[in-house]
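Chemist: Below, each chain spelled out in residue letters.
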Amino acid sequence: MSKITRYFITLLFCFALNSCGRPGEDKPDGIKEVVLWETYNNEEHKEIEIIAREFEKANPGTRINIQRVPWGGHESKLMTSMITNTAPDMARVDVAFLPRLVKSASVLELTRYGEINTEDYVKAAIDSNVWIEDGVKKIYGLPDQTTGAALFYNKKMFRESGIKSPPGTWDDFLAAAKLLTKDKNGDGRSDQFGFAMDKELWWTFPFFNTYGAKFLSDDEKRCALNSEAGIRALQFKVDLYQKHKVEAGAWQSGAIAPDTGFINEMYAMILTGPWNIKRFRDAGLDFGIALVPRGPAGTSTNVGGSNMVVLQKARHPELCFKFLKYLTSAQVQAKWASDLGQIPVNIKAAEYMDLSKYPDIEIFFQQMKTAVARPKVVSYATLANTVNPYLYAALAGKKTVKETLDIIAKKIEEEVLIEK
Amino acid sequence: MKINSRKTHDNLTAYLFLAPFLVVFFVFLAYPVVYSLVLSLHKVSWTTNLYNVFSDMKYVGVENYIKLLHDSKFWWSLIVTGYYAVLTIPMTVFLGLILAILLNNKLPGVSLFRSAYFLPSVLDILVVGIIWTLIYSPHFGILPKILDSMGFRAFIDKGILANPRTALPGVAIAMVLRGAGFGMILFLSAIQNIPVSVYEAADIDGANAWQKLIFITIPLVKPIILFLVIMGTIGSLNAFTEIYSMTQGGPYVVEFMGGIQGATKVSGYYLFEKWETMNYGYAAAVSYILLVITLGISLVNAKVMRKKH
Amino acid sequence: MDVAKIREKLNKTLLMMALILGALLMLFPFFWMLFVAVKAEGHGFKLDFVFAQPLFKNFTAVWTNESFPFSRFFINSLFVATSGSLMTALFCSMGAYVFAKKNFIFKETLFWMLLSTLMIPGMMYMVPQFAIVTKLGWINTYRGMIIPHVANIFGLFLLRQHMETIPDALISSAEIDGASEWQIFKNIIVPLSMPVITTVFLLSFLFQWTNFLWQLVVNTPDSLKLTLPVGLALFRGQYATQWTLLMAASAFSIIPIAVLFLALQRFFIEGLTAGAVKE
Numbered sequence: 000m001s002k003i004t005r006y007f008i009t010l011l012f013c014f015a016l017n018s019c020g021r022p023g024e025d026k027p028d029g030i031k032e033v034v035l036w037e038t039y040n041n042e043e044h045k046e047i048e049i050i051a052r053e054f055e056k057a058n059p060g061t062r063i064n065i066q067r068v069p070w071g072g073h074e075s076k077l078m079t080s081m082i083t084n085t086a087p088d089m090a091r092v093d094v095a096f097l098p099r100l101v102k103s104a105s106v107l108e109l110t111r112y113g114e115i116n117t118e119d120y121v122k123a124a125i126d127s128n129v130w131i132e133d134g135v136k137k138i139y140g141l142p143d144q145t146t147g148a149a150l151f152y153n154k155k156m157f158r159e160s161g162i163k164s165p166p167g168t169w170d171d172f173l174a175a176a177k178l179l180t181k182d183k184n185g186d187g188r189s190d191q192f193g194f195a196m197d198k199e200l201w202w203t204f205p206f207f208n209t210y211g212a213k214f215l216s217d218d219e220k221r222c223a224l225n226s227e228a229g230i231r232a233l234q235f236k237v238d239l240y241q242k243h244k245v246e247a248g249a250w251q252s253g254a255i256a257p258d259t260g261f262i263n264e265m266y267a268m269i270l271t272g273p274w275n276i277k278r279f280r281d282a283g284l285d286f287g288i289a290l291v292p293r294g295p296a297g298t299s300t301n302v303g304g305s306n307m308v309v310l311q312k313a314r315h316p317e318l319c320f321k322f323l324k325y326l327t328s329a330q331v332q333a334k335w336a337s338d339l340g341q342i343p344v345n346i347k348a349a350e351y352m353d354l355s356k357y358p359d360i361e362i363f364f365q366q367m368k369t370a371v372a373r374p375k376v377v378s379y380a381t382l383a384n385t386v387n388p389y390l391y392a393a394l395a396g397k398k399t400v401k402e403t404l405d406i407i408a409k410k411i412e413e414e415v416l417i418e419k
Numbered sequence: 000m001k002i003n004s005r006k007t008h009d010n011l012t013a014y015l016f017l018a019p020f021l022v023v024f025f026v027f028l029a030y031p032v033v034y035s036l037v038l039s040l041h042k043v044s045w046t047t048n049l050y051n052v053f054s055d056m057k058y059v060g061v062e063n064y065i066k067l068l069h070d071s072k073f074w075w076s077l078i079v080t081g082y083y084a085v086l087t088i089p090m091t092v093f094l095g096l097i098l099a100i101l102l103n104n105k106l107p108g109v110s111l112f113r114s115a116y117f118l119p120s121v122l123d124i125l126v127v128g129i130i131w132t133l134i135y136s137p138h139f140g141i142l143p144k145i146l147d148s149m150g151f152r153a154f155i156d157k158g159i160l161a162n163p164r165t166a167l168p169g170v171a172i173a174m175v176l177r178g179a180g181f182g183m184i185l186f187l188s189a190i191q192n193i194p195v196s197v198y199e200a201a202d203i204d205g206a207n208a209w210q211k212l213i214f215i216t217i218p219l220v221k222p223i224i225l226f227l228v229i230m231g232t233i234g235s236l237n238a239f240t241e242i243y244s245m246t247q248g249g250p251y252v253v254e255f256m257g258g259i260q261g262a263t264k265v266s267g268y269y270l271f272e273k274w275e276t277m278n279y280g281y282a283a284a285v286s287y288i289l290l291v292i293t294l295g296i297s298l299v300n301a302k303v304m305r306k307k308h
Numbered sequence: 000m001d002v003a004k005i006r007e008k009l010n011k012t013l014l015m016m017a018l019i020l021g022a023l024l025m026l027f028p029f030f031w032m033l034f035v036a037v038k039a040e041g042h043g044f045k046l047d048f049v050f051a052q053p054l055f056k057n058f059t060a061v062w063t064n065e066s067f068p069f070s071r072f073f074i075n076s077l078f079v080a081t082s083g084s085l086m087t088a089l090f091c092s093m094g095a096y097v098f099a100k101k102n103f104i105f106k107e108t109l110f111w112m113l114l115s116t117l118m119i120p121g122m123m124y125m126v127p128q129f130a131i132v133t134k135l136g137w138i139n140t141y142r143g144m145i146i147p148h149v150a151n152i153f154g155l156f157l158l159r160q161h162m163e164t165i166p167d168a169l170i171s172s173a174e175i176d177g178a179s180e181w182q183i184f185k186n187i188i189v190p191l192s193m194p195v196i197t198t199v200f201l202l203s204f205l206f207q208w209t210n211f212l213w214q215l216v217v218n219t220p221d222s223l224k225l226t227l228p229v230g231l232a233l234f235r236g237q238y239a240t241q242w243t244l245l246m247a248a249s250a251f252s253i254i255p256i257a258v259l260f261l262a263l264q265r266f267f268i269e270g271l272t273a274g275a276v277k278e
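One line per chain: the protein sequences are W, P and B, in this order.
What the first sequence shows, in numbering that gives the first Met the number 0, is residues 0 to 419, in sequence order.
What the second sequence shows, in numbering that gives the first Met the number 0, is residues 0 to 308, in sequence order.
What the third sequence shows, in numbering that gives the first Met the number 0, is residues 0 to 278, in sequence order.
It should be emphasised that the hints constitute simulated quantities derived from the structure, not laboratory data.
None of these values were measured; they are calculated from a predicted model.
There could be a bad hint or two in this list.
Label pairs and their computed distance ranges (CB to CB) [claimed, not checked]:
1. B/114 - P/306: 14 to 22 Å
2. P/193 - B/172: 40 to 48 Å
3. W/388 - P/45: 20 to 28 Å
4. W/49 - P/255: 35 to 43 Å
Don't be surprised by glycine CBs; every beta carbon is placed ideally from N, CA and C.
Model the full structure from these sequences, guided by the hints.
Modeler: Here it is as structure tokens:
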């Protein structure tokens, strides 16, 4: 083996053994760079790029590196990145994913880095980020998007049936739905329905919330869905289909989904969220949005959306915190909301936008004031998968409401609430 | 004094030379076997620190193994693996033998053909899988088209790999055509080692070609057949890349033990999925069970070989 | 010509036809791959003869593709396979030498340890090796891709077998001349074992180049060091309908090995069958 060969081999050893630079190491020019993984659609992505550039301008020497990640599977992608030490500094995560991140100490507690006034935010949105530990309020993320369901109604069909305004209570709702359910072609079957609904837990929460049924008992140890209130709530929902026959059965597999039927003017009322507004408007539909009808506990809705978190091993956590506060500040949120037609997470954003110009957003804004955040279970997916089949059985009449809720409560206690 | 220093000198030299190899061996080949067992007694829980997963897993004793016993997907994967072995091994042996017999002549250029037949077995399984996926694909794949024109219209819509009955056979055929060359070379060298006199004696006895094959050739290549069977079984237990490239475990339409199963989910792919979903403890348990099965087969092999001698 | 001669000629022709048929059967997929790889855009799945203009357009498109850096994948594969096999050849030679020619403490035990792990198939190592490599921080690095598989026991045994046949006299005379161990190794053992070392090198190269599972596991999808098979698999989704490009990319993965094999097949065949025949 000649000298050359020896040299070559040594070189190879060095190659193989040397570090090739960790991704995202600070550049030697002193600029502080942080990486944010987001799962936005095209319009939202463009918007956050603009916001990032504005932040960089106002904070020289910083760089916010926005990386797009597909929404589907973003949880496991993030978890894998932590395991393999290729994680970003900040990430946008689904509200339901945050509990697991908190439990596994994967995200930083943010009040360490500055002040957060929870009153500034839409209550349901900020609540999903707050944990009370030993009497101290700990905040593990900031909401970047919040959505919920509201009542969408077809104005034309309302006029045709002589209904002047959207229903305020569930009783009004039932009365209206009965008027709106018609057999238009005389074949003995209804082809227009007052209401169409989804079966999943997420779509049942509005009912539970408006009847005042809580998910957890006050000591948080038991599931309280099978309370009196819960039974009445679910019974009402089931009756819409089974007893009053004003619901189209849109929750069954193979049936026409609520938003599809709504666009095609088969369904007069549905529960859906702001993500459908543009689509319905573009289709030229004459529709309106109202608050979810009031039950004994008033109006309320469920909460979807996402939060921005700072990962445990983030570089420059103070910078991350600063950026997230900027992103969720009143002015930035006002711009975000008006540009994209979404609900601002910062209540004070209303001061910077003329909400009357955006009646669609305004009503959702109103609705979110009484929205109830989803239970902070470690795996919402497990919760949904456990519960949904039984909700289906209840709607299909295979089990009574009381039976269903008793089983659900028990299963939740056994499989979801336990320490895993 | 001299003897001692010689011995120490030898020991020192030996280990110095062995050092690079041994370091890699112990860290990456020996230790993992033990570590895998340890891992299989733990699991990734909700509270496991994801930045430090492997040091922070929760000890659960034999819980993973008990779960395995009740896991319909695991048992199903063993069944599929067995089916895969049954599909691939006979075909591989058969094809290898035939090609070897074919090549056992003195035609000019026969070595060219030998290379041609052997070549596919050194090529990438993944790429071979992708090519066959194209060949099998619905509407445009050349094979469904050919079958369609011959009157077998069943495949033109969904292709070969989306049909639960033909998905695994399809994969098997692709892999056999790729890998038969290896067995062929073994058979060839064995056949060429059979002394011509044996065949001549048979000729004198009036045996025809067929009888010569059955009564002389095959018995004399039995060790190779056995070897290929063992290798094939172990290979099926570890089959992964071909499934990953062609079917990803699907189509998911088979009902078994109360669950919907994938028609081509062999145990190797099942193991991969457990790793992919970060079920590291469970995956380690699965690999241990598969390891035990593999070792069992090797042991049986050793016993059978010993019996012959 | 008499009957026997005609018969012989007939047999020969039939045999030749059978051989050709066999070749078509075994090599058909690769011809198909090349066929599709040179077709024009959109004609990948049609049975016509519309070819790309120029013929290698798909190959250059794949090589220079922005969002799918094939050229980088190819270079990664090349680097990993080459350095891996060099390291393997070196480590195995060094180890084989002492097993063949030296007596040392624990020799027997070590030998059995090595032998026993030979039976453990690669799939079993996936999870624990991943855990170890993660803890070492070697994810997405060349180290992690190469080093775990550098201790090739089969190669070690192959070389040991060969080195045992080197006459001891050569070694002892060199020792008398005052040569150091390393010099003996370098100047006597290695040159005399070159054929087997080449075989081990080639087998390692083949293994590293086609090793799919490990390179998939040790890299995250956004790694810059993906090898060709992994890159191909991960990006297959994007190219689902562009079979012409996909086939061109596949060709890049296959052609180097095919060329290597055809040029040096003697080594491949000897090496791969040595273990089996020993059974």
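Chemist: For each hint, tell me whether it holds in the structure or not.
Modeler: Hints, verified against the model:
no., hint, verdict
1, B/114 - P/306: 14 to 22 Å, "21 Å, holds"
2, P/193 - B/172: 40 to 48 Å, "43 Å, holds"
3, W/388 - P/45: 20 to 28 Å, "23 Å, holds"
4, W/49 - P/255: 35 to 43 Å, "53 Å, violated"
Hint compliance for this structure: hint 4 is the single one not met.
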